[in-house]
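Dock chain one against chain two, each of which comes alone in its own frame, and use the hints as you go.
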Amino acid sequence: MATESSEGEEEGKAIGGNQHLVVDDDLREMAKKAAWSVSSCKTGNGVQFLRDDNLDTYWQSDGAQPHLVNIQFQKKVKLQLVVLYVDFKLDESYTPSKISIRAGDGFHNLKEIKTVELVKPIGWVYVSLSGADPREAFLNTFMLQIAVLSNHLNGRDTHVRQIKVYGPRPNPIPHQPFQFTSREFITYSCVR
Amino acid sequence: METLLIDCVQSSLRHFMLRNAIFLCERLCADFPSELNSQLLAICYLHNNQAYCAYHILKGTQMAQSRYLFAISCVQMDLLTEAEAALCPTEPNAEALLLYHPISEFLKWYTDRRKSAVDHFKRALSMDPLLWAAYEELCVLGAAEEANGVFSEAAALCIWQQLLNPGSNTPNLQITNEDHVVVLNKTLGSEEMSPRQLKSMQGNIFRDTPGNHVAVFSGGPSSQPSSGGSSNISLYGTPSPMPAQLYGVAPPPLCRNVQPNLNILGGESSPKSKINTTLQGSRRKLLDEGKLRKKFCLSSAYFGLSQVSGRLFSDSEPRRSTRLAGEAANTNSNSLQVGTNGSGHSSTRYFGGLSSSSKLISAAIRSGTFCKGQPSASESFDEGRRSESFDDSRLDNTATTSSSASLFADDGSLERERTGQQMGGVLAHGSRVSSGILELLDLLRTLGEGYRLSCMYRCQDALDIYMKLSHKQYNTGWVLSQVGKAYFEMVDYLEADQAFTLARQASPYSFEGMDIYSTVLFHLKEEMKLSYLAQELISTDRLAPQSWCAMGNCYSLQKDHETALKNFQRAVQLNSKFAYAHTLCGHEHVALEDFENGIKSYQSALRINPRHYNSWYGLGMIYLRQEKFEFAEHHFRRAFQINPCSSVIMCYLGTALHALKKSEEALNMMDKAIIADKKNPLPMYQKANILVSLEKFDEALKVLEALKEYAPQESSVYALMGKIYKQWNIYEKAMLHFGLALDLKPSATDVATIKLAIEKLHVPDEMVDNL
Chain H
1 MATESSEGEE EGKAIGGNQH LVVDDDLREM AKKAAWSVSS CKTGNGVQFL
51 RDDNLDTYWQ SDGAQPHLVN IQFQKKVKLQ LVVLYVDFKL DESYTPSKIS
101 IRAGDGFHNL KEIKTVELVK PIGWVYVSLS GADPREAFLN TFMLQIAVLS
151 NHLNGRDTHV RQIKVYGPRP NPIPHQPFQF TSREFITYSC VR
Chain R
1 METLLIDCVQ SSLRHFMLRN AIFLCERLCA DFPSELNSQL LAICYLHNNQ
51 AYCAYHILKG TQMAQSRYLF AISCVQMDLL TEAEAALCPT EPNAEALLLY
101 HPISEFLKWY TDRRKSAVDH FKRALSMDPL LWAAYEELCV LGAAEEANGV
151 FSEAAALCIW QQLLNPGSNT PNLQITNEDH VVVLNKTLGS EEMSPRQLKS
201 MQGNIFRDTP GNHVAVFSGG PSSQPSSGGS SNISLYGTPS PMPAQLYGVA
251 PPPLCRNVQP NLNILGGESS PKSKINTTLQ GSRRKLLDEG KLRKKFCLSS
301 AYFGLSQVSG RLFSDSEPRR STRLAGEAAN TNSNSLQVGT NGSGHSSTRY
351 FGGLSSSSKL ISAAIRSGTF CKGQPSASES FDEGRRSESF DDSRLDNTAT
401 TSSSASLFAD DGSLERERTG QQMGGVLAHG SRVSSGILEL LDLLRTLGEG
451 YRLSCMYRCQ DALDIYMKLS HKQYNTGWVL SQVGKAYFEM VDYLEADQAF
501 TLARQASPYS FEGMDIYSTV LFHLKEEMKL SYLAQELIST DRLAPQSWCA
551 MGNCYSLQKD HETALKNFQR AVQLNSKFAY AHTLCGHEHV ALEDFENGIK
601 SYQSALRINP RHYNSWYGLG MIYLRQEKFE FAEHHFRRAF QINPCSSVIM
651 CYLGTALHAL KKSEEALNMM DKAIIADKKN PLPMYQKANI LVSLEKFDEA
701 LKVLEALKEY APQESSVYAL MGKIYKQWNI YEKAMLHFGL ALDLKPSATD
751 VATIKLAIEK LHVPDEMVDN L
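Read top to bottom, the protein sequences are chains H and R. Yeah, the first sequence ends on 192 if you go by UniProt numbering, and it's all consecutive. Yeah, the second sequence ends on 771 if you go by UniProt numbering, and it's all consecutive.
Since the hints were made in silico from the structure, they are not lab data. One should not assume that every hint holds.
[To be verified] Derived PhoX-like pairs: lysine-lysine, alpha-carbon spacing no greater than 25 Å straight-line:
1) H:Lys-75 to H:Lys-32
2) R:Lys-566 to H:Lys-33
3) R:Lys-559 to R:Lys-525
4) H:Lys-76 to R:Lys-628
5) R:Lys-559 to H:Lys-76
6) H:Lys-32 to R:Lys-600
7) R:Lys-726 to R:Lys-679
8) H:Lys-33 to R:Lys-525
9) H:Lys-78 to R:Lys-559
10) H:Lys-32 to R:Lys-566
11) R:Lys-600 to H:Lys-75
12) R:Lys-702 to R:Lys-726
[Stated by the list, open to error] Covered by chain H, according to a simulated footprint, are these stretches of chain R (three or more residues, beta-carbon under 8 Å):
13) 36 to 49
14) 716 to 725
15) 733 to 746
Idealized CB from N, CA, C, for every residue including glycine.
Isolated chain R (complex conformation) (with noise of 0.2 Å):
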């Protein structure tokens, strides 16, 4: 009866029948109380976003595989301490190591242990360099070397090893297995039923087919999965509190979400299915289930693959392990029935994980919508996107594994037509692999490095890294959504612009980006535009964080703002996390002159992220306001190490030093500014204040009127320029460049102080009219 509860149980989860399968778990925990059964209750609860009951099925566990699904659940209910201490290394062991990875990268936020998650993220790197996640938390902490480093030679070489790994004796093999499973296991969090069928089948394996590939594919992919479980934490990690969230959102929009999806990631996941179909089959035959299962299984993998967009941690797992699992499929391309048991059977583990993953997905199952033909992979790609912020790494796994995906498309078809062939097949389809790992890490490579460089802020070199994707790539909505921030940081707004709109057209229900382009549309001030992003993205989902920033843009644009206040209010209680929320609020409780809210909305960004140097940038621009000198250079100063080129806080910057009476230094910051960035005029505008405020006008009036060339419609210039003649008695030209500022239309403030020095002006001359 065990056995067949579990089975039961799996089934039900890989269908979605979630209380089903919880209440058959329970039935089954009660009469055969042990640890693999809690893990699986466990696993039923968490599927069903019941993360507390998880957490209290397998408190005080100790099994590897439990303590990972505790550290899990304790992420999900936001008590890190605890899920760090579950997952601290007892063994060290290489898996154990790589779940406890993602962990770190979560806690680094909170506890400040910025070394030791830097640390672990390399180390999970060094395991398996396709960990992309990885890298990129890496990036966003400053902290990643080249990747020309990281995505190298020696690399392809490692995960080669691992896929390759020659096996030992079969008696270790069977051992290995079980642990190796069990590593699967709990790093998918699927079916429980891994170990027994392994067991079940071992008895085939070992029959038919020399335990080397058994081996093979127990341990390749099962160090692979657990790297991919890692970077699965890891993903899951960062949002973690958007789970919460995630669990309210109505399920047609999600629905809506994920048709499209699964329409185009039905067919380029179709070559997959071939794939998995040949795995699941055998499976199949040997669980003696129909063949509507498969499909099912099919099915909650596309649920997972489409879950790229949402924002279940599991998108890049499943991902990663249909890849991997084609990895495997190939490696094996005899695709032996039992051969393929072994891999197919780890397949299974990552359909089992896909299936995990797809929880949020009502029971629509769409098996229909699969056979479509083969899109392009970035098409497939964008449609998957549908993420936030943080869920950068899955997109980047869509991509790595949409162009992996056209290779095992090849290797899936080859595959079948190889079934029965002995090991010259797999040599063959060695050589493909290898050479479909330099592929992925050649892109992972570029990617890599564009996503570094981007994040040093050095956005001139991020874009020519960028174009060197291939056409196919270059097109997605992820990649051109950093295009149009390397834009925005550059201060380029039009092509910021240019590079989002595509964006969008390529995946218009991506929110990666969204409120980068919300702030770009604010800055060139397009109402029109900004209004219709934020109704699109709120009807698209009203739960994400960066449609009430785009929302709260267009209020702030129309000067209203508190309305703006209150979204982007609203986009911090979405999630706490998320940066750019509270820098936005910042500013906004700036505009009200709230500057005490003001600095701590910054500083909760900046608690957030210390490399937001928007924030920075903010708190530098209230302390000027509160005539802090010194601290607003200080804060400008922050803000200017981290985004060297930004002209505009090299403005503030300069501005800041005169302040502090340091001229000399404010002046060549202004030099500096005015070489980073032609197009700024602000630098040159400040120069001449503090050309003027230093009393050499001279030099102040050349630098206004090269400026006026730049600007010829600022009456600010015009003004400056009335005031150092006034100041020089020279009348006329006063008054002709006071006229101008004036027929420039002022605001009423400056229109009163041009008023005001155009009747000083003409004192003296009243005077001599009444002499």
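In isolation and in its complexed conformation, chain H is listed as follows (with noise of 0.2 Å):
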């Protein structure tokens, strides 16, 4: 089960960190095949930071406030589920605190969808995009943009170690109404 801290829907909403990253099995990283690009880096410090897997290796920023951090993917997506590594500690006045999610079709038609804040995060911290709405259970977009709008005191700059993006797992079978679920029909759906 996603383990998550209270999380709002309004803007503001303090999260802690998670030290371990648990997802809901039926979600899956979507961002693999997106293009990520970054608003500005610093040599040594740059985008591939982010996707690395590596919780050493960060992203630092290096220009003026906001800093934005792009996904784009090939088609419009299902996604349910952001998921920060920000470390207060090692990071200090380099970690966010305050971010802000917004989706659209490029640049230029981007709606904020979400903002959060944090408080000396450490940790995985997540930010689910769901509305409360069952038919806002997914947020369908071409392209995702997580903008740095503030660090812990005032820093100009800021570190992220991780980001992930996830979405709900397609169905395995093809044109069906809904996914299986009890063993039976999961060992009978198909031929391996």
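What follows is the structure, encoded as structure tokens:
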């Protein structure tokens, strides 16, 4: 089960950080084939360190706020969860404190969907993208933008160590209205 | 000096001192360049896994044997057209034809010359009905006749005649012997000594024994071994890419495997050893070699036997040859020192072949382990098993030889008792041999029929046939794996699991069917067992594709498709002719939504084995996803044609038909699927789906109600029912069912869909409230 601290839908809710990354089984990482870009970076701390599965390496921005991480997909995808790894102990004034998540078709029509405020986070921070409505369980979008609006202790630049984006798994059996849950059905549902 | 050098080379070969052999042989060829010596050098190189050297030496040679060795090196180097050209029967005699067959088996995969391959296999079988490998390949090609026809009385007669071929006059025999010996030589790729030995022995032979006997032995076994040789090559041919990989096998695992094999095989082979001892002894006497040699020869024999587990091609060959040697010995039970020279001579051939077959075993000769009691034939059989999917034939041969081993145990001892007796003994043993032949044919018939049926996916029939086997034979790794595979094809995973567990107990080092076993565990979602299996297989042999398939299945079960894909790709790297690894790669690509590569993988699998229905199914699934429904239907139909018993395929074929708007046919197909397998709930569900889309809600509901009995925990059933009630605006029932569906914890997408449906349900209520 996704372990999340209290997650509100209003802006400005504070979230702590989790030591372990635990995600629902029916979610999968969506951004492997996406195009990642950042608004600025310091040499030696580029965008690749956001995706290298290494918590010791980080991306460091090198410009004016807000610092942006853009994730562009090749087609419209359903997204449910964004997870960031930040560490106040190590990064102090580089740790983001206010993050805004925007989505849209491209740079021209991004719309903010969520803002979160972090208070001295150490570990994985989960940001759910679903709305309250069952209709809004997933965010359907071409592009996601994670904006760091401000840092702790009013730092200018920011460190983010890892970002992961999750969405639902597709139905393994095509043209089915519902996915199967019981073992009997799943056993007979495919030939391997 | 030439003779001496030749002798040295051959003894070095027997003792696996390959570098010594090569060195001496090179000296020999330098001083006495002749084609026979070149052949010997090529043999040394082939033993030392230097096929390219053998290739260059033998290129352009004309002697039948040289061409044969050349063909072997070509196959090893993957130069199939050259191999075929070399074996092209310029003289249409039996041996040459037989030699052609194994190559044709290999060629069938590549040049699509299925018909000619089938033809050759059939001819090979008619010439030598005990050539299991040919029958097996025919089964895999889907062109096998009934086992009863192949392994019949006529076949028995044929073998018997071959064994007791009445000899003609001596001079002809001499020549025939030479020819046969030459054939033997080339077939077994063994000692070059034989013509010389024969020459030296001929004096003795014809002095002391009626030439007939010699004729018998040479005539009989010679034709047998050539077929043995061809079976040899066929076995060799199949896993030809593998030998390359084999050479990289680390000695420790191999030794580990070999040792238990030897321990147990030692016992099994001891009866043979008795025979061999006598035969060997006679030869040794002539050649003035010590008892030590004999032991080494035997050890090489055992290594050869244990190599059944290895992927060396000569496995079946030594088995057959030892058996045939036994047979030959029996036929000439008088075991005259000289009389048996003929057979001993031929049997030495076999042992030479054996020693050549054990080339991969390091010189850690375990002569001490041979003196064990006689274990059950099945046990030895199992321990000998550790082969990959292509090695079925070897195992079969082991099966056959183990059954005959017990037979020959008696014969061996009898033989020794009858030292010095004459024709009377021959007759008695003749009848023994014929009963042996009949027993063997009986066994092969059962196994062959079972294998054929399982290749045609008539799994229940195959299972029935396997049940007819004797207890000992049934409890062998190979048979149990086949049983497991049959259950797997029938989608009865629990039974398959049981069968495979027994198979693993019977022969824990075998790789036969372990990839299927890992898939069974994958279907059963047994993570623990699967990871344990994978770990075991990898620690046994890191270079077997099955281990990596099992590992990949493990990761796939945990939804880590990328790692699973990596593992399957490793399996493909290890053996690019392993169709199932390609299919599994395809499955993983599809799971990662990489359809292009998925299609490529499935097509590679199909290129290797066009009867691999899993790949047809996989392609159908991809096209279904991509909404290319005609393609999907075509592929599902092909899969269905290959395996008409699988209810899953029928189900998908029905889905594809429905997508093509051929709903009538679709419903028929679903009904067929429901009948085919009562335990499969899916066709009913799909039928309900189709009926819903056809707006036949009543029937759909009926089906779903019945389905509820079968699978009460399936949320999609309730969700669908809820949908139907919603359609009818029966809100309470719809709510009830949606609620039930939600309770059963569907996936997140479905939760969203269901909740949405519930909301929509309530809209009219709200409107009523608002009013």
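Going down the list of hints, with the structure as the test:
Taking the CA atoms of H:Lys-75 and H:Lys-32, the gap is near 13 Å; set against the 25 Å cutoff, the hint holds. For a cut-off of 25 Å, the pair hint linking R:Lys-566 to H:Lys-33 stands: about 17 Å separates their Cα positions. Note on R:Lys-559 and R:Lys-525: the hinted pairing holds, with a Cα-Cα distance of about 12 Å set against a maximum of 25 Å. Between H:Lys-76 and R:Lys-628, the direct Cα distance comes to roughly 21 Å. Compliance with the 25 Å bound is thereby established for this hinted pair.
At roughly 23 Å between alpha-carbon atoms, R:Lys-559 and H:Lys-76 fall within 25 Å of each other, so this suggested pair holds. For a cut-off of 25 Å, the pair hint linking H:Lys-32 to R:Lys-600 stands: about 22 Å separates their Cα positions. Taken as a hint, the R:Lys-726 and R:Lys-679 pair is broken in the structure, with Cα atoms around 29 Å apart against an allowance of 25 Å. At most 25 Å may separate the alpha-carbon atoms for a hinted pair to count; H:Lys-33 and R:Lys-525 exceed this at roughly 29 Å.
Only pairs whose Cα atoms come within 25 Å are accepted, and H:Lys-78 paired with R:Lys-559 is accepted, the gap being roughly 19 Å. For the hint pairing H:Lys-32 with R:Lys-566, the CA-to-CA distance comes to about 16 Å; that is within 25 Å, so the pair holds. Taken as a hint, the R:Lys-600 and H:Lys-75 pair is honoured in the structure, with Cα atoms around 23 Å apart against an allowance of 25 Å. With a CA separation close to 16 Å, the supplied pair R:Lys-702 and R:Lys-726 stays within the 25 Å bound.
Counting residues of the stretch 36 to 49 of chain R whose beta carbon lies closer than 8 Å to any beta carbon of chain H gives 0, which falls below the threshold of three, so the coverage claim is violated. With a threshold of 8 Å between beta carbons, the proposed coverage of the stretch 716 to 725 of chain R by chain H holds, since 4 of its residues qualify and at least three are required. Counting residues of the stretch 733 to 746 of chain R whose CB falls under 8 Å from any CB of chain H gives 4; the rule of at least 3 is met.
Checked against the numbered hints given earlier, this structure breaks hints 7, 8, 13; the rest are met.
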